[in-house]
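Taken in sequence, the protein lines are chains A and B.
The opening position of the first sequence corresponds to residue 1291 in this note's numbering, with each subsequent residue numbered one higher.
The opening position of the second sequence corresponds to residue 1291 in this note's numbering, with each subsequent residue numbered one higher.
Hints are computed from structural coordinates only; laboratory data are not their basis.
Each hint should be verified, as a subset may be incorrect.
For chains that are exact copies, the list does not tell them apart, and a pair is met inside one copy or across any two.
Claimed, not checked - With a cut-off of at most 25 Å between alpha-carbon atoms, the simulated SDA-like pairs for lysine to any residue come out as follows:
| hint | residue 1 | residue 2 |
| --- | --- | --- |
| 1 | 1680 | 1469 |
| 2 | 1680 | 1297 |
| 3 | 1680 | 1316 |
| 4 | 1680 | 1632 |
| 5 | 1680 | 1446 |
| 6 | 1680 | 1364 |
| 7 | 1680 | 1294 |
| 8 | 1680 | 1540 |
| 9 | 1680 | 1567 |
| 10 | 1680 | 1439 |
| 11 | 1680 | 1514 |
| 12 | 1680 | 1566 |
| 13 | 1680 | 1324 |
| 14 | 1680 | 1539 |
| 15 | 1680 | 1319 |
| 16 | 1680 | 1344 |
| 17 | 1680 | 1625 |
| 18 | 1680 | 1565 |
| 19 | 1680 | 1372 |
| 20 | 1680 | 1667 |
Since we're looking at a predicted model, the values are computed, not measured.
Protein chains: 2
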Amino acid sequence: MRRAVEESVLLARAYLSRVCEPGSFVLWTFIERVGPVEAARAIRLGVAPLEVMSLTAARRSSADAASDLDAAERHGARLVVPESDDWPHVAFGALERVAGPSKPGVCALVPPTALWVRGHADLARIDARSVAVVGARAATPYGTHVTAEMCFGLAAQGVAIVSGGAYGIDAAAHRAALAANGITVIVSAGGVDRPYPPSNATLYERALENGLVIAESPPGSAPHRSRFLSRNRLLAALGTGVVVVEAAVRSGARNTASHALALGRPLMVVPGPVTSAMSAGCHQLLAERVIGAILVTGWEDVLSVVGAIGEVLPEDGYVPHPAGDLRDDLDQLEPTSRRVFDALLLRRYLTAEAISRRSGIGVLDVVRTLPSLILTNLVESGASGYRVAKRVQAPR
Amino acid sequence: MRRAVEESVLLARAYLSRVCEPGSFVLWTFIERVGPVEAARAIRLGVAPLEVMSLTAARRSSADAASDLDAAERHGARLVVPESDDWPHVAFGALERVAGPSKPGVCALVPPTALWVRGHADLARIDARSVAVVGARAATPYGTHVTAEMCFGLAAQGVAIVSGGAYGIDAAAHRAALAANGITVIVSAGGVDRPYPPSNATLYERALENGLVIAESPPGSAPHRSRFLSRNRLLAALGTGVVVVEAAVRSGARNTASHALALGRPLMVVPGPVTSAMSAGCHQLLAERVIGAILVTGWEDVLSVVGAIGEVLPEDGYVPHPAGDLRDDLDQLEPTSRRVFDALLLRRYLTAEAISRRSGIGVLDVVRTLPSLILTNLVESGASGYRVAKRVQAPR
């Protein structure tokens, strides 16, 4: 049974969502301080702090929360607010933790004031396990193919596919999720009733059936450039991880990638031909070690980063006395490598520190030993550490 | 004027090169201990240590150094030995430093006993600046295209291209170096007179004109499987860095890659379509963070890893008061980021530690700040650190 949100709160947040552009740290801190109802009242009456008043001057008198809520209802949309049960706390908690004053011209990383939501899926469920997929509008056939394969696989595994509803990679991601009968979420830069680009209207309609179209700006809002930029922070926040499929050297995907990093979300990147300008941004992200982007080649890789460990691994047993090549490889290990290997588990990934504890070998030596174990295909690594390679795990 | 190597040493090393298969730690330590002349004498007389005798039993009586040297001369080849002026000390010094007992069935990382060398290039010069390029024999058009572009560019910049003379990536690498009128080195698994595959004989001939064909086994030797494996360590050692262009998941390139890591050589890897099995091994190397492979997309990237910094950078000046977008980006930096940026140089890469010293900002904060500077295209990173991005460096 869902707890209903008080009407006054809904009206206040609808008003606040209309009266100020998304991504304002000033408005967000004001609401946090005095609460949404008092914040809305103070702005309407012109008694809010000067900074807040200047942000809201243009629309504070004309904004009509009741009419926006009516329009939303006509479009089958609802307003989800932090006070709602289905507010995505995991996603937006990350924004809260990093919230800080915006730099000039740059969207601040703050939670949205409210979300306008169309569609049947449960936002709280999406919050638990989803991947944001971003990339070029001018995607190549390679990019759309890889996106389709990846998103179909992820959606079939119950991972919600979050993207921006644009041409190219976005559309390929949403379509693949729909094809898999999975959940997809379009995070729109304009209102939930304003598909953009308009020719993707059918895609938006389809997304509603088994997913969501969500927007920070109220119904009727046009997708301005600044709203695309503030929208990108929601993409990054709503994904348990962010995947960049194709991106030119300077691109919006890079903007979303930087948000992902700021939010502590894993940033996954698909490589491509070095001859393709549409992969150049991806390679740049991968080449910059300090960014820490994770190279992924398919849905299995993505799942090993964002999914619960062990969830999709086939049931398999361990052969303690393997035959042939494998036994040779194991026999050839010198004692330190062998102790490191013996400390590993079959399914769960262990960190170098855990391997060190289990093997009694110093962490530095563990880290020095692992590369050769990986190169001889005895060990494989995932985002959370190392385990016995699949080939050592024979079927029962 | 070159110092001549004593005839007795040449004869001894020619004999040792014939009498034992490449990559024996036992033989190498024996020669190191007693010298090549005494080692050859002891083996021939059957008075060497038991371990050495068992390694050399098959050929110790039949081996005929004078005849091998004659054969070499007929093929226009010479014997280069550690006592020669043109012995590649940089390359093989790395093998010496890591030398250790071989594991069963695995080639030990030891320097060669001697090298049979055909061709006009100077081995000592190659030692200073070269790149080993390895990859699949069953290369795709993508792989050979990328190899050709990369190796042409590197060879034109005076970097010697070292590879194995095989089909696919190897052949594309050699051909591109030749096309650029650059230096190329074929490291043959058989004798220098035995092109392998035989259909690459013309490529071998061309390589002699402006490069080298070198082999560890004496003339006439067939390219056995074990010789391919021991040859791979020479490829890794002879390159200032190793580039893997295309590789299947289990491949010889992986073997060379592991040697490169063991030798402390930078391992560079070219990504490709995730849909291509021939790039799967490359992506595996790039995805394993602990391996530390460097993603490269063209010759410029490779040069920034192996070349002397600044050598190929265009002459360019710095615009202290840049206009437009760039000024905006700089103005938006918060104080820490701005101090980190101001500590950077235009051409020389600085490590995070050096930036910390110059800026007075702690290393950890420097490392935390760099990703956002890179993502806003203000800073770029190379193998040896960070510098002001090219776009900030306007032409004079």
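Here is what the structure says about each hint:
1. With identical chains, the CA atoms of residue 1680 and residue 1469 are never at most 25 Å apart, being 30 Å at best within one copy and 43 Å at best between copies.
2. Taking the shortest alpha-carbon separations for residue 1680 and residue 1297, neither the intra-copy value of 55 Å nor the inter-copy value of 55 Å comes in at or below 25 Å.
3. Proximity of residue 1680 and residue 1316 under a CA criterion of 25 Å is satisfied in neither setting, with 51 Å inside one chain copy and 35 Å between copies.
4. Taking the shortest alpha-carbon separations for residue 1680 and residue 1632, only the intra-copy value of 15 Å comes in at or below 25 Å, while the best inter-copy value is 48 Å.
5. Proximity of residue 1680 to residue 1446 under the C-alpha cut-off of 25 Å is restricted to the intra-copy arrangement: shortest distance 22 Å within a copy versus 43 Å between copies.
6. In this homomeric assembly, residue 1680 and residue 1364 never come within 25 Å of each other (Cα to Cα): the closest approach is 53 Å inside a single copy and 52 Å across copies.
7. Taking the shortest Cα distances, residue 1680 and residue 1294 never come within 25 Å of each other, neither inside one copy (49 Å) nor across copies (55 Å).
8. In this homomeric assembly, residue 1680 and residue 1540 come within 25 Å of each other (Cα to Cα) only across copies, at 14 Å, whereas the closest approach inside a single copy is 38 Å.
9. Proximity of residue 1680 to residue 1567 under the C-alpha cut-off of 25 Å is restricted to the inter-copy arrangement: shortest distance 18 Å between copies versus 35 Å within a copy.
10. For a Cα distance limit of 25 Å, the shortest separation of residue 1680 from residue 1439 inside one copy, 22 Å, qualifies, whereas the shortest one across copies, 36 Å, does not.
11. Within a single copy, residue 1680 and residue 1514 get their C-alpha atoms no closer than 48 Å, and across copies no closer than 31 Å, so neither meets the 25 Å cut-off.
12. For the identical chains of this complex, residue 1680 and residue 1566 are inter-copy neighbours only, at 21 Å across copies versus 32 Å inside a copy, given an alpha-carbon limit of 25 Å.
13. For the identical chains of this complex, residue 1680 and residue 1324 are neighbours neither inside a copy (55 Å) nor across copies (47 Å), given an alpha-carbon limit of 25 Å.
14. In this homomeric assembly, residue 1680 and residue 1539 come within 25 Å of each other (Cα to Cα) only across copies, at 13 Å, whereas the closest approach inside a single copy is 36 Å.
15. Taking the shortest Cα distances, residue 1680 and residue 1319 never come within 25 Å of each other, neither inside one copy (50 Å) nor across copies (38 Å).
16. For a Cα distance limit of 25 Å, the shortest separation of residue 1680 from residue 1344 qualifies neither inside one copy, at 60 Å, nor across copies, at 39 Å.
17. Proximity of residue 1680 and residue 1625 under a CA criterion of 25 Å is satisfied intra-copy only: 22 Å inside one chain copy versus 48 Å between copies.
18. With identical chains, the CA atoms of residue 1680 and residue 1565 are at most 25 Å apart between copies only, with a shortest distance of 21 Å across copies and 32 Å within one.
19. Taking the shortest Cα distances, residue 1680 and residue 1372 never come within 25 Å of each other, neither inside one copy (44 Å) nor across copies (44 Å).
20. Proximity of residue 1680 and residue 1667 under a CA criterion of 25 Å is satisfied intra-copy only: 9 Å inside one chain copy versus 40 Å between copies.
Comparing the model with each earlier hint shows violations of hints 1, 2, 3, 6, 7, 11, 13, 15, 16 and 19; every other hint is respected.
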